[in-house]
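Enquirer: Sequence:
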Amino acid sequence: MAPRPLSPLVLALGGAAAVLGSLLFILWKAYFGRGRERRWDRGEAWWGAEPARFPDWDEWEPEDEDDEEPALEELEQREVLVLGLDGSGKSTFLRVLSGKPPLEGHVPTWGFNSVRLPTKDFEVDLLEIGGSQNLRFYWKEFVNEVDVLVFLVDSADRLRLPWARQELHKLLDKDPDLPVVVVANKQDLSEAMGVAELQQELGLQAVDTQREVFLLAASIAPAGSGFADPGAGHIWKLLLELLS
Numbered sequence: 000m001a002p003r004p005l006s007p008l009v010l011a012l013g014g015a016a017a018v019l020g021s022l023l024f025i026l027w028k029a030y031f032g033r034g035r036e037r038r039w040d041r042g043e044a045w046w047g048a049e050p051a052r053f054p055d056w057d058e059w060e061p062e063d064e065d066d067e068e069p070a071l072e073e074l075e076q077r078e079v080l081v082l083g084l085d086g087s088g089k090s091t092f093l094r095v096l097s098g099k100p101p102l103e104g105h106v107p108t109w110g111f112n113s114v115r116l117p118t119k120d121f122e123v124d125l126l127e128i129g130g131s132q133n134l135r136f137y138w139k140e141f142v143n144e145v146d147v148l149v150f151l152v153d154s155a156d157r158l159r160l161p162w163a164r165q166e167l168h169k170l171l172d173k174d175p176d177l178p179v180v181v182v183a184n185k186q187d188l189s190e191a192m193g194v195a196e197l198q199q200e201l202g203l204q205a206v207d208t209q210r211e212v213f214l215l216a217a218s219i220a221p222a223g224s225g226f227a228d229p230g231a232g233h234i235w236k237l238l239l240e241l242l243s
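If you use numbering that gives the first Met the number 0, the sequence shown corresponds to residues 0 to 243, in order.
Derived from the structure by calculation, the hints contain no laboratory data. Predicted model, so just to flag it, every value in this text is computed and none were measured. Any given hint could turn out to be false.
Stated by the list, open to error - Straight-line C-alpha distance at most 35 angstroms; calculated DSBU-like pairs for lysine-lysine: (1) Lys139 <-> Lys99; (2) Lys169 <-> Lys139; (3) Lys99 <-> Lys169; (4) Lys119 <-> Lys139; (5) Lys139 <-> Lys173; (6) Lys173 <-> Lys99; (7) Lys119 <-> Lys236; (8) Lys173 <-> Lys236; (9) Lys99 <-> Lys236; (10) Lys169 <-> Lys119; (11) Lys119 <-> Lys99; (12) Lys139 <-> Lys236; (13) Lys236 <-> Lys169; (14) Lys119 <-> Lys173.
Stated by the list, open to error - Label pairs and their computed distance ranges (CB to CB): (15) Gln165 <-> Thr118: 30 to 38 angstroms; (16) Leu74 <-> Ser189: 41 to 49 angstroms; (17) Trp162 <-> Glu73: 34 to 42 angstroms.
Think of the CB as a built atom: it goes at the ideal place given N, C-alpha and C, for glycine as much as any other residue.
Required output: the full structure, derived from the provided sequences and hints.
Expert: In structure tokens form, the structure reads like this:
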């Protein structure tokens with residue numbers, strides 16, 4: 000029997016997924032690339048800025064070189080990639096860290112979310128890429144561009160835990176030197192697996208002992224609380240230690 004040709008719908012969906020992956024990579028390079036010019040930090044609106052007006056000759060007053068203000072020193076950048084299957088709590092994690100309340104219900108990320116958090120010595124850029132199956136293919140393209148990987152797992156989602164394990168180990172193999180923080184989220188749920196069981200199920204005991212891999216329990220925005228437990232703060236503290 001001759002193989003059936005792919006339907007136009009399948010071809011269209013495949014093309015759309017490829018375009019979306021390319022767009023994500025371009026946006027990452029443009030927004031999070033090192034050495035970028037950051038106009039928005041100076042309050043400039045690049046999409047509608049008026050051209051500068053030079054003074055007429057009779058208005059010109061030469062500036063005293065001694066009165067020049069020193070240039071503001073830009074903080075160094077640190078990049079953190081936040082991944083995990085859809086529904087693991089990635090977007091809520093970013094919202095909580097930025098001081099925003101979590102959204103009601105489960106709202107999947109179709110693309111990516113990002114947040115920039117300043118610290119005393121550097122700025123931390125966190126990028127979340129959606130965890131749906133069509134976006135996981137592109138995760139590995141971003142791993143080599145960041146300083147730390149955060150991988151969230153829904154501790155109560157036993158059915159999809161093998162998929163979480165598979166995706167996590169793909170990322171571990173992609174960059175053997177990248178520090179990884181695995182977050183066992185949703186520990187407030189009665190059916191949630193404990194840290195010891197998750198370590199076994201995720202195969203973390205087999206990871207090279209010389210590698211920096213951390214497994215932290217958390218209940219980011221536990222059910223009925225409206226906000227977060229201290230777990231998000233512990234994760235942030237660990238990230239700062241790894242980024243310093």
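Enquirer: So, for every hint listed, does it hold in this structure?
Expert: Here is what the structure says about each hint:
1. Lys139 <-> Lys99: The hint holds at about 29 angstroms.
2. Lys169 <-> Lys139: Given that 35 angstroms is the threshold and the Cα spacing comes to 8 angstroms, the pair holds.
3. Lys99 <-> Lys169: Status holds; Cα separation ~32 angstroms.
4. Lys119 <-> Lys139: holds, 30 angstroms
5. Lys139 <-> Lys173: With Cα atoms ~7 angstroms apart, Lys139 and Lys173 stay inside 35 angstroms; holds.
6. Lys173 <-> Lys99: The given pair, whose Cα atoms are some 33 angstroms apart, holds under the 35 angstroms limit.
7. Lys119 <-> Lys236: holds, 13 angstroms
8. Lys173 <-> Lys236: holds, 26 angstroms
9. Lys99 <-> Lys236: It holds: about 18 angstroms lies between the C-alpha atoms, which stays within 35 angstroms.
10. Lys169 <-> Lys119: holds, 34 angstroms
11. Lys119 <-> Lys99: Holds - the C-alpha atoms of Lys99 and Lys119 are around 21 angstroms apart, at most 35 angstroms.
12. Lys139 <-> Lys236: holds, 25 angstroms
13. Lys236 <-> Lys169: The given pair, whose Cα atoms are some 26 angstroms apart, holds under the 35 angstroms limit.
14. Lys119 <-> Lys173: Holds, at about 31 angstroms.
15. Gln165 <-> Thr118: 30 to 38 angstroms: Hint holds: Cβ distance 34 angstroms, inside 30 to 38 angstroms.
16. Leu74 <-> Ser189: 41 to 49 angstroms: holds, 43 angstroms
17. Trp162 <-> Glu73: 34 to 42 angstroms: 40 angstroms Cβ-Cβ, so the 34 to 42 angstroms window holds.
The structure meets every hint from the earlier list without exception.
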